[in-house]
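J.: Spelled out from the first residue to the last, the chains are:
There are 2 protein chains.
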Amino acid sequence: MWQLYQFPLCPFSRKVRLLLSEKGIAYELWRENPWEGRDEFFAMNPAGRTPALHDPERGKTLSDSRAICEFFEETVEKNPLISGTADQRAEIRRLIALFDESFYGDVTGPLLYERMKKRLILRQSPDSRILREAMRLAHDHLYYIDYLIDNRPWLAGSTMTLADLTAAAQISVADYLGGIDWSNHDQARGWYAVIKSRPSFRPMLSERMEVIQPPRHYAEVDG
Amino acid sequence: MWQLYQFPLCPFSRKVRLLLSEKGIAYELWRENPWEGRDEFFAMNPAGRTPALHDPERGKTLSDSRAICEFFEETVEKNPLISGTADQRAEIRRLIALFDESFYGDVTGPLLYERMKKRLILRQSPDSRILREAMRLAHDHLYYIDYLIDNRPWLAGSTMTLADLTAAAQISVADYLGGIDWSNHDQARGWYAVIKSRPSFRPMLSERMEVIQPPRHYAEVDG
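Residue numbers (this note's numbering), protein chains in the order written: chain A, -15 to 207; chain B, -15 to 207.
Treat the hints with caution; some may be incorrect.
No distinction is drawn between identical chains; accordingly, a pair holds when it is met within one copy or between any pair of copies.
Stated by the list, open to error - Straight line, CA to CA, 20 Å or less: simulated DMTMM-like cross-link-like pairs of lysine to aspartate or glutamate:
hint, residue 1, residue 2
1, Lys44, Asp71
2, Lys102, Glu12
3, Lys102, Asp130
4, Lys44, Glu191
5, Lys62, Glu20
6, Lys101, Glu191
7, Lys44, Glu117
8, Lys101, Glu57
9, Lys7, Asp130
Calculated directly from the structure, the hints in this document are not laboratory data.
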């Protein structure tokens, strides 16, 4: 069976978990703290980042969340998540990059550094100026989701795609870390509530990262 | 015809240019300084990043370098660059991510900030400590290329793929900015010399970014 090396608040691992579940692919969760720089993990993924997927029976290893998702999209027919015409697939991939790069760089990355890495590893206090800026930028991204959902039922069009799973994975980590203020984002909140209620999403909402607690609304499916 | 919005030292635009040329797709170069935050450019790409591709006749716009490359790989048969089995395609995409994310984050990004952005925009001097660290990390990446090329003719296997173009695009920008010390990297240097000599690569080597000059070996094909 596939072993997924990840930690609970890794947004890229969450994306892969959602895709695996939606496609009905069985996997085990293996805990990896990439900041510990374990040699065995670098042997699996020279980039030293989570997620990595390893199948010991077949001696196969995959890494990089987008490469992993494309692999299963190509090899498992069930529930296509990068589907449609070439134009539609380009739109899905554009949005995946927007959330994996811009949202992560603006919001999830700084929140993880200030609220998780500083607490767990560096034993420092978070910088409130950086937290405020991340929360301000989160609003800009939520406004963009509001705009998309005003025009389409899902982020990339008429069906749920990997763009929705990618955005929800990033947002869920930011939400866990208290970085999301949902007021005035009715469209984004409605879209997120639908994703949150999917069977693929529920197990993640009940998991906790040591020491760090999420706000009360985090795991509420109608929250 | 496609209009490519880019600036000369954008490594992601260079990757797209190499792919377009290798596939024989005609395009015009349009200069875009993403740091100026032009409204018309944000309308084309809400992420505000280069490259973006626009076809005014067909009213079509593409953005994000990986989404663009996947689009042309799907729609243009000539010279497949993400080819082979699903496993091989996963390996190509893993390496693309390694260079677009890790190499960029470790090397190209800091060099662009210190040597281009500080000079052109912020009117500050570069931080020599950050430059030294970027050059140290560049060696680690070149050692990894040496290791790959010891075992395979190209980075991802027996044929040239988008992994090679991605790595060469990042390295060429770092090399322009004086961040690459090629000594003790014979395999990587040999591999890069082959890519440099391709017709798709030559036009880029003769372009210059205003104010900033590359080192002498930069444009030498046997350099």
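J.: Each hint should be assessed against the structure and marked as holding or not.
T.: Comparing the hints with the structure gives:
In this assembly of identical chains, Lys44 and Asp71 lie within 20 Å of each other by CA distance solely across copies; the values are 9 Å between and 32 Å within a copy. Taking CA atoms no more than 20 Å apart as the test, Lys102 paired with Glu12 passes in neither setting, with 28 Å inside one copy and 47 Å between copies. In this homomeric assembly, Lys102 and Asp130 never come within 20 Å of each other (Cα to Cα): the closest approach is 32 Å inside a single copy and 36 Å across copies. For the identical chains of this complex, Lys44 and Glu191 are neighbours neither inside a copy (28 Å) nor across copies (42 Å), given an alpha-carbon limit of 20 Å.
For the identical chains of this complex, Lys62 and Glu20 are neighbours neither inside a copy (36 Å) nor across copies (44 Å), given an alpha-carbon limit of 20 Å. Proximity of Lys101 and Glu191 under a CA criterion of 20 Å is satisfied intra-copy only: 18 Å inside one chain copy versus 42 Å between copies. In this assembly of identical chains, Lys44 and Glu117 lie within 20 Å of each other by CA distance neither inside one copy nor across copies; the values are 41 Å within and 34 Å between. Within a single copy, Lys101 and Glu57 get their C-alpha atoms no closer than 33 Å, and across copies no closer than 39 Å, so neither meets the 20 Å cut-off.
For the identical chains of this complex, Lys7 and Asp130 are neighbours neither inside a copy (27 Å) nor across copies (38 Å), given an alpha-carbon limit of 20 Å.
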